[in-house]
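Starting from the two chains in their separate frames, assemble the complex, guided by the hints.
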Amino acid sequence: MYRLGLDVGGTNTDAALIDGDLKVFHTVKVPTTKEVESGIIEAIAKVVKESKVDSSDIKYAMLGTTHCTNAIVERKRLDKVGVIRIGRPATTAIPPFTNWPKDIRAKIEVASIIVSGGYEFDGRLIAELDKEEVSKFCREIRGKAESIAISGVYAPVNKEQEEIVATWVREELGDIPISLSHAIGSIGLLERENATILNAALMTTGQTVINGFSKALSSLNIEAEMFFSQNDGTLMNAAYAERYPILTMGCGPTNSIRGSAHLTGLDNAIVLDVGGTTSDIGVLSKGFPRESSLAVIIGGVNTNFRMPDILSIGLGGGTRILENNEKIIVGPESVGYEITKKALLFGGDVLTTSDIVTRLGYAFEDRAKEVEHLSFEFCEKVNDQMTEMLEDAIDQMKTSSKEVPLILSGGGSIIVSKSLKGVSEVIMPEHYGAANAIGAALGQVSGDVERIYSLDKMNREEALTDAKKLATHEAIKAGADEKTISIISIEDIPLAYLPGNALLIRVKAVGDLQYSSESVII
Amino acid sequence: MRYIDEEAIEKIALGAAVLGTGGGGDPYIGKLIAKEAIRKYGPVALISLEELRDNQIVVPISGMGAPSVTIEKIPSEIEFTAPLDKFEEVIGKKVDVVMPIEIGGINSLFPIIAAAKKGLPLLDADAMGRAFPEAQMVTFHLDGLESSPVTMSDEKGNVVVLYPRDGVWHERLARVITIEMGGSASVCDYGLLGKEVKSSAIPGTLTLAETIGGYLLDNKGKERQGINKMLEELNGYQLFEAKITDIERRLIGGFTRGKAIFEGIRNEQGRSFSIDFQNEHLVAKEAEHLLCSTPDLIAVLDAETGFPITTERMKYGARVVVVAFPCHSKWRTKKGIETVGPYYFGYDFEYQPVEELQKERV
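First to last, the sequence lines map onto chains A and B. Per full-length UniProt numbering: the first sequence ends with 522, consecutive numbering throughout. Per full-length UniProt numbering: the second sequence ends with 362, consecutive numbering throughout.
Isolated chain B (complex conformation) (with noise of 0.2 Å):
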């Protein structure tokens, strides 16, 4: 076990962002909120997944809607532990640990303010390795563990219990609600026995976020070694460097798709790159060769700080590094593939791991 402080906020921020592969959310309000929540309440314990009991209940908590509300409809206190307290009421015991549903983006600091509000410790595990759209885009999901009972609450005080009967159904009455409570809920899902959340989440993520972000920040100036360290540590790849020369969005089914078209620069002169997105990044192309596709990720970074820029301020001329990781294992099993591949987002398309591209590519 240790402490999350202010500064590991930072980082974790940072880190989160690139896990987020384009989409969930821009962490800056988050870091707000949860550095002031360790300035009042003092530092989160974390704890590992081999430290989690087997009976201990642990529940995660996240925030669901657009981002784009959340900058303007700030989140209230309450938002951060009325679903969880509705969540003990409704299970008739107390909540014994608070996880990230989600390390990408925004949601991997909502159960830091939640945990120092509560006085609980945090699991350094989330359901997804990375950021997804839709509800039921979580390894509990592919292990077939149950999501209901679900609370959801908003700032005005409305609390919601669903019993949705798989997460699928989950996400779409979830989603309807999200949009009647003003465009952002707060949502306890998933709550499970330590021995489920063993057998099933991704361990170390928020390490892994501190670790990145900590590398990024140190990035200035230093050619490159941030990003190279961060590489390092998550088995990537340089896609390719490159400047944006278009980029276009369209709103469908409630999602921004769309497509951002690349020149190489430096060594990869005289090349197009494009990257399809759907919230985050979907798939990496050299012309109409594969590089890269969902559910493995793709980040786009700022060729100079190293930062990670999300889909909404990609902008034309941008000089950025496009990098991609390997996806946990359990999204490249049959069911993870039909439920994030490229065949749920659309695309006629088999996937291929990252790593078999990137060596056809050589």
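Isolated chain A (complex conformation) (with noise of 0.2 Å):
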């Protein structure tokens, strides 16, 4: 049995195997095309070949992708979409589509409506909701929008009005795709209304990806269940990737963390990712990504769905390196890709950071000559000042003042030094290069919950007990195998100015992908 991983990135298309006792057995680099569906083809193909594995062995098959980020950057492949908001008669004063760019609001809008209903942070009604002023909105919007969004107040405390209005807009639009907020993000209305939008207009770019992935996989005759990365660093299946599509934005940083895991056998650690231009710096807590609690911004609108907590810096193995009154700047211009016709060691005429590593012996030994001429001193210097960045970047990032192993991937590692401040180890494990298929291939899910919960009316323990118990079922609807769901992160957060001793609990569970036949139907 094998898991195939896959991962479109900007410039490569990465495939990696691995068996069933997780062991990455092959990993294979291609091009990007500009169909990806070709590039997707070439390398599970390229992949099967050269592992010479027999294609009905692999049962599960799992992609990352940046299909849905493109679109929304690009603004192209855009479906219209009708919102309704459900919150009259609070939320008036800021309507959908507040502060959104104007050219990616033009190509997605078709109308918007606040309708009568939503709830309070303790789940009483704000206001009962009105069948008739939906069906009536449905009716002007029939013909026009291809999708719609639909965000209620406190929708993540209390889903059920959501619900209903999506049956109501059914018996108006028959199947027209329904993207309900409270599957999509947290507390913070806007922003979770915003990433609702997004996952409707969504809808046609997902559901080409996983019909292109499809395709893929029976034209080379394998027959696995497929699924995609997330942000978050867990799988969801194409039933449940079909409905929320934005889902699978971010998932490349956060592949690499997790195949970065994997390939380390560490639960806890620094991800570091030098490239030509920066490095991006991810904390890997518990075997999976840690998050950022900061809004995300796609395209210029803002979100608040889940993405890992990355730091980039201007540090690269092709960072220019300026000397300037004895002041040694360092970046952040680049060469970039272009390193390999700039960078001195190249016969180039730019000083960066791949030169000064590489007078000081730690790199491409065999073009020592290019750079004999640099001071060593200086180089000396240059490196203590690049190494000190990445010491103040890696310490931002910590969770605590413990020394903590760094575990490095990317073309421009080279230029990290072998010993860092704070860092019990620096390593650099074999298929670093895959690191981001590997971390699709590898087959986990995860259910969240946010609740605000009342201590007046239950103790703390019994309110994390019910948060841990609906985050178990949500892992479960996601595909999880129930013996193997393990809770990994628990976080509670005392409301300030409310009495009533009203706390915020966030629970996130994931287990092992259920190893059945069947594909699990959410």
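Rather than coming from a laboratory, the hints here were simulated on the basis of the structure. Treat each hint with caution, since some may be false.
DMTMM-like, lysine to aspartate or glutamate: derived pairs with alpha carbons at most 25 Å apart [to be verified]: (1) A:Lys-327 with B:Glu-268; (2) B:Lys-315 with A:Glu-450; (3) B:Lys-259 with B:Glu-304; (4) A:Lys-402 with B:Glu-268; (5) A:Lys-398 with B:Asp-276; (6) B:Lys-243 with A:Glu-450; (7) B:Lys-315 with A:Glu-133; (8) A:Lys-421 with B:Glu-263; (9) B:Lys-156 with A:Glu-133.
Shown next, in the form of structure tokens:
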């Protein structure tokens, strides 16, 4: 039994085969093609051929892709959306689409309405729903809207109204795709609603990705169950991905962190991905990437959905070094992909970080001659400064002052010093170049819950138990094997200014993919 | 008199977050609504305390409740005018001028929206000069002015009129009603005559918020020019530059109380600092040595951008510059210290002005 992992990046499409014991069997890299699908087919064909694995032994196929991100950033292949917010009389001061860039709004918006309804923070009703109001709006947008987004006030606390409105929409508009906000984001109506609208606009793109992947697999006679990488480092099945394509966004860095974790066997570490221009630093916490607490902006639209907490600094293998009045300036300018033409060690005329480490004897020994003329002392000074930049950034991402291991990935890793302050050891695993595809292939699924509890009615322990139960249930719904589920994060935040001991609890449960031949129906 | 436009709102929102001293709510939602109100109704006239006439009726309008509710249950349009309309009905007269009760946080923007919708001028003054958690923590209370009548409204059309016997009862009663209204409410209290406001309000605070917001917006990549200009403007001090190494938040009596621990960086390496907060920052210390305490202002700024960080957004690893400013002199009177000094918040030390503490430090 094998798992096939694929990562479609801007430059390369990587494929990885992992065996039943989750050992990495083989990895390949091919250029990403414009109509993505052929690149995927090529990568799969290559990894199967080179590894000589019988394609009928591939049971699971996982895809991490930037399709959806690109659709939003390029404002292409987006569906027309009708938006129903449930919350009147509340929320009328900021209608849907407020503060969106004009061009993307024009591409997406058909019409929007704020209908009667919504919940209070404690679950009481703000107002009753009005069926006729919803039905009338649906009749107005019939034939114009290709997809519907529904966002209700405090829907993450109670999703009932969103679901009722969805059934009313179906009565009028048949099987039009509907995106519900409670499944997409957490507390913070505007950002959650924005993510829901973007999700609704991605229905066709999502479908194209799923169909393309499915076709690629069947053209190579692979009868594997398909899964898709989410931005939080877990997988969702095709049925779920079809409904929530936005959750595939940002899975690249996440897969890279997860893959690095697997290659090293570490659960807690800092992962440093050094490219030509930047270094991306992520945190591996209990086997998963730490998520960002800040609002994520996609294509100019504020969203509040889950993304890994990544710190990027302007230091990569092609970063330029300048000297100005005895002061050394490292970056942020870089020669980027032109490093093989412009850097001194490749016969160019730009001093880069790679030249520095070559002069110091840490890399490219065969090219040492090209940089012989550089002062060794000067290079040591620059190297110290580079190391300090990395140490500073690593320190910012650490969760405690204890020393932690650092896992390297990416082509620019040669510029990283082998000993760094605050770092217990620096590790560069085998297959590190395909960490993303390996991350995709590692099949775990998750369930998230975010809810406000009143500690007047129950104690904190009871509230946490309830939240864990709900998260477990969500994980099972997402395809997890019940026996393997564990809770990987619990966060509770007291809500300021509210008496009644209101507590916001967030819980995430994860489990291994269910090893049954039937797919999980959500 | 001058006019407040969209650009001014951007600056006020940022400056108000500094004066919010960690609390007062993130002004993002308020900013969106205020900008929309100005697009719809036109710029708002801002008048100074000197321009205010003695017989004009001035009414503050503000939001009460949890900022965490505001980001989910976004306000409705009626909330910005309903308490004002009821106030006029109760006193049987038209309101002439609106003002912020609190310059810190989201409440700096609330009256701009009301002023735009009602076509009223806005007063460039407030009754705190910062943010405080409770309704009686206003200069009007210190000066013995009455908060009654108090009008409150929610988005559902509920309007409540209170005649509390003093500012403390006002806080107690209004807090309970706010919860019943769904965790957030809009409030008009301390409706006063121009001459009363002149004798008690803190002048020029909207302009001040705009000025320091402007400095910070201009801070990018300029070696902390913005922060330094702001410190100059506010006669403030940089207390320390540090990294957050621990953050603890607990819920006590409906407020977030907690402590942040910092480890010095750059010039302060090897030293450790702490800040206590109750929604707003209360006390800053180096080890056991007091650096600044309420009612003086303590603000935590992102070391790179100079932008303020609210208590709910502080997290491990953040590089920050912690600054302090002297509060308005009204808070340094006997009654001021009784109302918002260290004792009120459960500490057993005497208040000392930040200037004196800084002198001791050198």
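Inset, instruction - Decide if the proposed pair is consistent with the structure: Lys-398 of chain A and Asp-276 of chain B, CA atoms, cutoff 25 Å inclusive. - result: holds, 23 Å
Inset, instruction - For the pair we were handed, Lys-402 of chain A and Glu-268 of chain B, check the Cα-Cα distance against 25 Å. - result: holds, 20 Å
Legend entry - Hinted pair Lys-327 of chain A and Glu-268 of chain B, Cα distance within 25 Å: Judged against 25 Å, a Cα distance of about 23 Å means the pair holds.
Legend entry - Given pair status - Glu-450 of chain A, Lys-243 of chain B, alpha carbons within 25 Å: Violated - the C-alpha atoms of Glu-450 of chain A and Lys-243 of chain B are around 29 Å apart, more than 25 Å.
Inset, instruction - Starting from Lys-156 of chain B, check that the Cα of Glu-133 of chain A is at most 25 Å away, please. - result: It holds: about 18 Å lies between the C-alpha atoms, which stays within 25 Å.
Inset, instruction - With a cut-off of 25 Å on the C-alpha distance, tell me whether Lys-315 of chain B and Glu-133 of chain A pass. - result: violated, 44 Å
Inset, instruction - For the pair supplied as a hint, Lys-421 of chain A and Glu-263 of chain B, confirm whether the alpha-carbon distance does not exceed 25 Å. - result: holds, 16 Å
Inset, instruction - Take a quick look at whether Lys-259 of chain B and Glu-304 of chain B sit within 25 Å of each other, Cα to Cα. - result: holds, 23 Å
Inset, instruction - With a cut-off of 25 Å on the C-alpha distance, tell me whether Lys-315 of chain B and Glu-450 of chain A pass. - result: holds, 19 Å
Going through the hint list in order, the structure does not satisfy hints 6, 7.
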